[in-house]
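*Asks:* So the chains spell out like this:
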Amino acid sequence: MRFSIILIICSLCFNSYSQYSVEGRVSDSLTKAPIKDALVTIINAQDSILIAYGRSNENGNFKIADSTLGKYPSIHVLISYPEYVSSSFTLSFSNLVRSVFREVKLLTKQFLLDEVIVKNRLSAIRIVKDTVEFKADSFWVAKNADVNSLFKQLPGLQINEDGTIYAYGERVQKVLVDGEEYFSRDPVLVSKMIRADMVDKVQLYDKKSDQAQLTGIDDGKKEKVINLKIKEEKKRSIFGKTSVGAGSEDTYNGDLMVNRFNDKSKTALFGILSATGKVGLSAKEEDNFGNEDANAFSSSLNVQELDGWNGRFENNGLPIVTTLGIHNNDKSKDNNTSYNTDVRYFDLRINGLRTVNSEYLLPSGGKLLSKDSFYFSNKIIKNKLFGVVDFAIDSLSTIKFTIHASNSKKVSNYQNTGEQRDVNNNLVNSFFNKRSFNTDGFEIAPALSFKHRFKKTGRGLYINSLFDMIETKANGFIYTKTSVTNTQFPSDTIDQFKDYITSSQFITSSITFLEPISKGQGILSLNYQLLYANNSFIRNSFNKNFDSKYNIIDSFFSNEFKVKMLVNKIGSGINLKKKNYFINGGLDVDFANFQQQSSYRKDILNRRFINWYPKATISVSLGKLRSISFSYSGETKQPSFDQLQPLRNNNEPLFVIQGNENLQPSFNNTLQFTYLNRKPIEAKNMWATFTITKIQNGFSTNDSIDASGRKYIKSINIDGVQNINLYAQYDFRTKVKKVNFSTGINLGRAISANIVNSVYNNTSSKFLTLTGIMRKSVSRKYDLMVRYSIGLNQATSSLQRDESFFYVTNTFRLSYDKYLVNQIVFHTDFSANILTRTSFFGNSVNLYIWNASLVKKFLKDESISLQISVNDILNSNKGIVRTANTYVASEQRSSVLTRYGLVTFMWNFNRSLK
Amino acid sequence: MKKPMYAKLRSFFVIVILLSTSKCFSQYAIFLREGTIEYERKFNQFSILDIDQPWGKNHRETELQFKTETFILEFTSDYSIYRPNLKINEAKSFYLSLPAQDNIVFKNYRTKQIWSKRNILGNTFWIEHDAKHIQWKMTSETRMIAGFECKRANALIFDSLYVVAYFSEQLPISSGPESFSGLPGMILGLAIPDLHTTWFATKISSRSLSITDKILGNATDIQKQSKIQTLLKEAFNNHGRYSSIFYFFSIL
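Heads up: the sequence lines are chains A and B, in that order.
Counting along the first sequence from 1, when you hit position 25 you're at 25 in the numbering used here, and nothing is skipped either side.
Counting along the second sequence from 1, when you hit position 56 you're at 56 in the numbering used here, and nothing is skipped either side.
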């Protein structure tokens, strides 16, 4: 040791001119054996020009000394060895740093690529810092396949049935195209639109939060992102696909997707027309508009929709959907400004029948059984616009302007007949309810943000402003007829015209200042936010006049309401990142002034709330991919105005909401413990989360049900609500047959509380779910997936201790794809759901759904294909949903599409632009 | 329970075998430090055929588009020698003899010196090449050549010729066809688009030869490359539109 120090000193003395050196040791990451003859190449980071090279000796050591190394601002050092994954690092020399030593551990490709057929092993996978890069051409996919099929081939990536992408067990939040957002962050849509053969590289990495990017200091908030690098020669091309299908039971499907890439400008267009209930691409249709900060406050201003339909499909009824979208992405020549626009049209029509059977447990052994059936016919047309302009003023400051706008037109009609019976099967009441409504909505939300980094590393300023205006106009007819058996209660008929106008404006601004602390290892943030909201609700109800015109105002159920809210929020947080642990803590407090004004009744309600939001997280990393974290968060929730003083309505006469002016804010405490251990090379993942939630002063309801079956619901504060939950998952792959397994356990207990007819009710439900998934796929041959899960559930209500529900759910699913000869692909999937009988759900229900399809591809490039598919071969889909909570258990059945056959013609096209 | 002796022995052997195989497994790559490479040089002769001329048109119909010749590179860890495979090449005649048809290039990597013997327009020249430093631009592209994985590097030589080279790390010798060198491995593939020519290794054997610098023994009048370059520039000046191709072939 001493000798070598002397040597170094000597060599420093003799080399009077500046000599720079890169030294290191190369070894196998698994066997730890030194690697001899590994090639070390030093290239200029700017233009990849070769500067120097060398090889490692018997002990794996290498030393490259060169006097010219210091003149480059930064250099890349690449270490490679045949059949190993290359490793690289970047460094810069200065007068202070003249020699660098690195331990280099190389990974055999054997380990990384065991399961996939790889054409070109050398550069199939590269790991550069935190990014895993896959060379797309190295993995086999069928001709004309989309990126989704490519993802299935990449080690570590998983695709769920609904298209959700997981990388090493974490959900992928965004799929970017050449680093740019494409179709507003909808990973499912992007993965279906882009062709696999256009992609040069797939890069997988953790995107840091805006704050971490601004300050350069990690705050532990990350999201998984996939970036698709498009091949140079495909950057100017037109490509897409179209399909047309028709089948029995009046089913049809049609879609068209066209993409045009022209260097820095990317345009996409899609259109879908479908009557098969597989709405597919519009699954993420309802994106949150505006800013998350504003949404948090706006939830306290939410009010129930007049027509009871939120404009979504939700597996109820038979839908027909038409959707069109255009996306454009442009960049200025100097790359400083980028434009992103997204326009969508959405048209959904649903007709159907839904029946609901429910059982209400009442104190002292009573029960109420209700039966409802709804016929509905709904329609919505929605237009949306989304635009972003990003402008970099200089290297330190950026401005971002965003605009969201939408308008919608909704027509909903429904007819509801129902009855309620007591425990002896005597009729309590029966009712008929008919409504038809037109709703027009409009929203515009522009936002502006400014980010500035200071020269001092870590110091930053972040200003955000948002304006959001929403206006909804609804009007329609309501007719209800209620007959009550008990003559002490009135039976009544309502026949009214309703005219509702809701308008709200939000304006909010926030400013965040970040300052580095603890020698740049931590960051202190200070923030201030001001929010002002102004809402007005006009609710007019008109009764029928003798001339059959609805022009007599019903003053009891008509009102004009104004709700104003002014919130000042201040907060401070701290992030500290040391070598192997990470601490994050903070406290925010807001002061909310709340004013509710009723113009017709001339009363004013003023409330002030102070809301606290403490949080703290400690995470310790045990090695690179293993970590433990512990977090606490507390949150004050203020009551919504609807809970304090609701808008009186008679839409459902058997369901009356009452206000509670004395309602106090509730406080939610959440403790969470997480353990993560990932071994991507061996396809092993293990994680566990243990969560305890306890709510003080929680919001619940005081329900009183009178002898006529009418329910009065009033919000109250209640203690005793808590949840305990343990979730653990372990994924692994067998060494011999390369079969992937995933096993999971979900165990928990939830306690909820409410008051039913002045009796405190405490419902405790326990559940245990065990899941096992097996996957095996052989390229060009077959893909097989089998999943089984069993769930044990028990719910006990303190109202009737002996009436405890116990039920078992068994779910089995099998999916199999087989690549046959002559360009034929066979697919089948089968799922079985077995719901056992309970004291309420008297019968057990077995649902077996079996689908199959056959695809034949034509032409050499397989660009044309014909598919024949049969959905629900056993004709047993019933659309059943069972739920049990507090003191109500119910079973819902809705009309769904059962067996049908479909023939689809598909065409893929691809042309490069001159 | 006591294990029988043979079971113990067996487990011992298993461990030994496992240990030794794991060692082998991590270090199984083959490195060639001595051997012979056969290159196939393909020249697109249609590129220099004048279709306006009657003979040019005629040749297009009778000749193959690519003229193929083989060259042999013998190398040890100190020297390499590149020369035409006369046995094969002489059998195929061509109406036009190219300047670089019988180049012999000798490299000494220890002293970083390169000499070549060339027949240019009927004269034999012994040239001592300048220690030229080619600025290789490394890429991550790879391809298989003669069973070896090669990496691609690009360069610009003589300020105007674009060169693409594929080299293999498994031949840790900085050499290649003609006077090309400077990469961290043997160049097994070379393409010069402006000269319409490619060199690709077709056979690689580990047959070791005893090359020494004795080959220079019969050299007379060794001239500097820079001197030859000026001489040739003038000589090829009146060679018409393809003069630059001939000129570059002479000094490669």
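Careful, some of the hints might be misleading.
Stated by the list, open to error - Only pairs whose alpha carbons sit at most 30 angstroms apart, straight line, appear in this in silico DSSO-like list of lysine-lysine: (1) A:K434 <-> A:K400; (2) A:K63 <-> B:K203; (3) A:K36 <-> B:K42; (4) A:K105 <-> B:K137.
Stated by the list, open to error - Not the full set, but computed from the structure, chain B residues with beta-carbon under 7 angstroms of chain A: (5) R33; (6) Q101; (7) H133; (8) E169; (9) P184.
Simulated from the structure, these hints should not be mistaken for laboratory data.
Note that the structure is predicted; figures quoted are calculated from it, not measured.
No residue lacks a Cβ here, since even glycine has one placed at the ideal position from N, Cα and C.
*Asks:* Now tell me if each hint is right for this structure.
*Replies:* Taking the hints in turn, this is what the structure says about them:
1. Note on K434 of chain A and K400 of chain A: the hinted pairing is violated, with a Cα-Cα distance of about 48 angstroms set against a maximum of 30 angstroms.
2. Only pairs whose Cα atoms come within 30 angstroms are accepted, and K63 of chain A paired with K203 of chain B is rejected, the gap being roughly 33 angstroms.
3. A hinted pair counts as satisfied when its Cα atoms are at most 30 angstroms apart, and K36 of chain A with K42 of chain B does not qualify at roughly 36 angstroms.
4. With a CA separation close to 26 angstroms, the supplied pair K105 of chain A and K137 of chain B stays within the 30 angstroms bound.
5. The criterion of a C-beta within 7 angstroms of any C-beta in chain A is not met by R33 of chain B, whose closest approach is roughly 10 angstroms, and the hint is violated.
6. A least Cβ separation of about 31 angstroms between Q101 of chain B and chain A goes past the 7 angstroms threshold, and the interface hint is therefore violated.
7. Because the smallest distance between the Cβ of H133 of chain B and any Cβ of chain A comes to about 10 angstroms, over 7 angstroms, the interface hint for this residue is violated.
8. Satisfaction of the interface hint for E169 of chain B is found here, the shortest Cβ-Cβ separation to chain A being roughly 5 angstroms, below the 7 angstroms cut-off.
9. Of the supplied interface hints, the one on P184 of chain B holds, with its beta-carbon coming within about 4 angstroms of a beta-carbon of chain A, less than 7 angstroms.
In the structure shown, a violation is registered for the earlier hints numbered 1, 2, 3, 5, 6, 7, in ascending order.
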